[in-house]
Amino acid sequence: MKHKHITYSLPEFIEGKLAAGEKAAMAEHLRTCDDCKAELKSLERIYGVLSRAETPPPDPYWITLLPRIHRRIAEGRHQSARGWPGWVFRYAVPLASVGLLLFLLFRNISPEPGTVMQGQSSSNGSASSVLDVREVLLGADSVEVQQIEDRSVFLPFEDLAESNNGENRLAGDKDVLKTILTNSNGLYTAIEMDMEATQENLDDQEVTDILSQLSRSKFIN
Amino acid sequence: MALKSDLDLVEDFTGGEVEAFNELVRRYQERVYWIARRILGDHGEADDVTQDVFVRVYESLKNFRSDSRFYTWLYRIATNVSLNALKKKKTKLFASLEDSAMSMESESDGPLAELDRKEYRTMVEKAIERLPARQKLVFVLRYYEEMPYDEMAKILGRSEGGLKANYFHAVKKIQSFVQKEMGQ
Chain R
155 MKHKHITYSL
165 PEFIEGKLAA
175 GEKAAMAEHL
185 RTCDDCKAEL
195 KSLERIYGVL
205 SRAETPPPDP
215 YWITLLPRIH
225 RRIAEGRHQS
235 ARGWPGWVFR
245 YAVPLASVGL
255 LLFLLFRNIS
265 PEPGTVMQGQ
275 SSSNGSASSV
285 LDVREVLLGA
295 DSVEVQQIED
305 RSVFLPFEDL
315 AESNNGENRL
325 AGDKDVLKTI
335 LTNSNGLYTA
345 IEMDMEATQE
355 NLDDQEVTDI
365 LSQLSRSKFI
375 N
Chain Y
70 MALKSDLDLV
80 EDFTGGEVEA
90 FNELVRRYQE
100 RVYWIARRIL
110 GDHGEADDVT
120 QDVFVRVYES
130 LKNFRSDSRF
140 YTWLYRIATN
150 VSLNALKKKK
160 TKLFASLEDS
170 AMSMESESDG
180 PLAELDRKEY
190 RTMVEKAIER
200 LPARQKLVFV
210 LRYYEEMPYD
220 EMAKILGRSE
230 GGLKANYFHA
240 VKKIQSFVQK
250 EMGQ
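Protein chains in written order, with my numbering: chain R, 155 to 375; chain Y, 70 to 253.
Just chain Y, with the same shape it has in the complex:
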């Protein structure tokens, strides 16, 4: 049996088939989760956002207009909800972030060769955590999702040139952070 398209599933759901919604969740749950996880940097928060995104999809799918792709529409919701969660998180955790920045400074010694894989990952996660929201979103979609700039432009409503600049500066900021961490 041929795999149903997203649009078929949307139509089935609006026609009353809840299983069609379940299939959409199964199809996109990992992508939504990883967008949230990479923006928020925490499994628990990513889990909360992932659920929230699909609840919103469930509630508003009847308003989805088929002249845009479901995938694009879903990504808009996922990025919106993730950024809003990030905004709230930054407000709440401002003080603790300052603390962690201070503790990181004291742990910044050690050459590149001595860092194991886990330490690399932690360092990169910290670098991404500190990116401005817009750059972080562009970096996540481009680097991890490998999303083409033209697709990203449709989702984020920005020019491709602007997104390229965002991505470049995000990489440079990560680089700067990593170099500082490694004492270079």
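Just chain R, same shape as in the assembly:
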């Protein structure tokens, strides 16, 4: 086992959560490794500071929670019945946002009209692979969207930012964008990120136009 992997197991050693064999191996390692011994001592101090005592929620929080959840469910239905349908902000606007994002992005990096990019036919155009992704998106049903949501936990944009020395250079990196969009986690992130911007920046007419376009897709029945 690499030394850094042994180091990463020190917290478990302190917490007493290593299996018997691992615990014995760690004890043996600590007998000969001064660095790990020092690290262990240092970690033990912070474990002493970490307190599990926390302020509980105010009474009678737990009793009132369930009725408030049901009230929120009812309010959601009420709002859906009066205003935009629930799927507008849950699915359609996010999907439209991705389309808008792609349009804005590739409008800037597409070749001049009539120019053929290397390795592509003029009929496909520079954004053909992205259009395919969008087709996938527009063809997703609610179960598939849910599956995408369920799989997405971490935000690939963080990885992207890290990989670019802290700068989010998504707009200038077509390959990275394609990778993200063809990855379900990334897809969700793109939806989530742009959904916020869309809700804040689009006016009613723009939303109507987007919905009009989407209404022709399989996604909205």
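Be aware that one or more of the hints could be misleading.
[Stated by the list, open to error] Calculated pairs, DSSO-like style, for lysine-lysine (alpha carbon to alpha carbon, straight line, at most 27 Å):
no.	chain 1	residue 1	chain 2	residue 2
1	Y	Lys157	Y	Lys242
2	Y	Lys241	R	Lys191
3	R	Lys195	Y	Lys241
4	R	Lys177	Y	Lys242
5	Y	Lys73	Y	Lys131
6	Y	Lys157	R	Lys158
7	Y	Lys249	R	Lys158
8	R	Lys177	R	Lys195
9	R	Lys195	R	Lys158
10	R	Lys195	Y	Lys242
11	Y	Lys242	Y	Lys158
12	Y	Lys73	R	Lys177
13	Y	Lys223	Y	Lys249
14	Y	Lys241	R	Lys158
15	R	Lys191	R	Lys177
16	R	Lys158	Y	Lys158
17	R	Lys191	R	Lys171
18	R	Lys195	Y	Lys195
19	R	Lys191	Y	Lys249
20	Y	Lys223	R	Lys171
21	Y	Lys241	R	Lys171
22	R	Lys177	Y	Lys158
23	Y	Lys156	Y	Lys73
24	Y	Lys195	Y	Lys242
25	Y	Lys223	Y	Lys241
26	Y	Lys156	Y	Lys242
27	Y	Lys242	R	Lys191
28	Y	Lys223	Y	Lys131
29	Y	Lys158	R	Lys195
30	R	Lys171	Y	Lys157
31	Y	Lys241	Y	Lys195
Treat the hints as calculated values from the structure; they're not laboratory data.
Knowing the structure of chain R, use the given hints to seat chain Y on it.
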């Protein structure tokens, strides 16, 4: 009467029994709340996220596939919603966080022995607050929830080795913050 399994309750709910949903809420409300609370660090925001999580569960339970555990599915939703709330919070409160960091620097004197329990808690909460989102989530699930790495790997879609590294670095960052706070 034997306690119904999560899966039984899910099936009852999809069959039209709302009480089955209520039972799932009662069963998991504290876990969901504390995940949100430890990630967001605030009762009001944790309350909002907890409600939001269960509203989503209510709306999408019919799509739940029984080949995964309800608990795992619920944790995915809880962590997603909490992280998204954190992202929004960071955007909104960037300036105020900077202010609080400055005020903390001016209050950082005092030996360990003089800090009482409440001050410890506040200090640790501040340290956790400053962790990157991913490390914070891993730290919360591991330290407070005592979740095994293999279970966490299923929920977060990461390797166990990567999660161990995340956890180790989270502890080290907390340690670094605490030492700085205590003037060590």
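When you check the alpha-carbon spacing of Lys241 of chain Y and Lys195 of chain Y, does it fall within 27 Å? holds, 14 Å
Is Lys195 of chain Y close enough to Lys242 of chain Y, meaning Cα to Cα at most 27 Å? holds, 11 Å
Quick one, are Lys156 of chain Y and Lys73 of chain Y close enough, alpha carbons at most 27 Å? violated, 37 Å
Can you confirm whether the C-alpha distance between Lys195 of chain R and Lys241 of chain Y stays at or below 27 Å? Answer holds: Lys195 of chain R to Lys241 of chain Y is near 12 Å, not above 27 Å.
Hint check: Lys191 of chain R vs Lys171 of chain R, CA-CA at most 27 Å. Holds or violated? Answer holds: Lys191 of chain R to Lys171 of chain R is near 18 Å, not above 27 Å.
Please work out if Lys195 of chain R and Lys242 of chain Y have their alpha carbons no farther apart than 27 Å. holds, 16 Å
Within a Cα-Cα threshold of 27 Å, do Lys223 of chain Y and Lys241 of chain Y meet the stated pairing? Holds - the C-alpha atoms of Lys241 of chain Y and Lys223 of chain Y are around 25 Å apart, at most 27 Å.
Has the given pair, Lys223 of chain Y with Lys171 of chain R, been kept, meaning a C-alpha gap of at most 27 Å? Given pair Lys223 of chain Y, Lys171 of chain R holds - Cα atoms ~19 Å apart, limit 27 Å.
Holds or violated: Lys242 of chain Y with Lys158 of chain Y, Cα cutoff 27 Å? holds, 21 Å
Given the hint that Lys242 of chain Y pairs with Lys191 of chain R, does the C-alpha gap stay at or below 27 Å? Between Lys242 of chain Y and Lys191 of chain R the Cα gap is close to 19 Å, so the pair holds against 27 Å.
Holds or violated: Lys158 of chain R with Lys158 of chain Y, Cα cutoff 27 Å? violated, 34 Å
Quick one, are Lys241 of chain Y and Lys171 of chain R close enough, alpha carbons at most 27 Å? Between Lys241 of chain Y and Lys171 of chain R the Cα gap is close to 19 Å, so the pair holds against 27 Å.
Consistency note: the structure conflicts with the earlier hints numbered 6, 12, 13, 16, 22, 23, 29 and 30.
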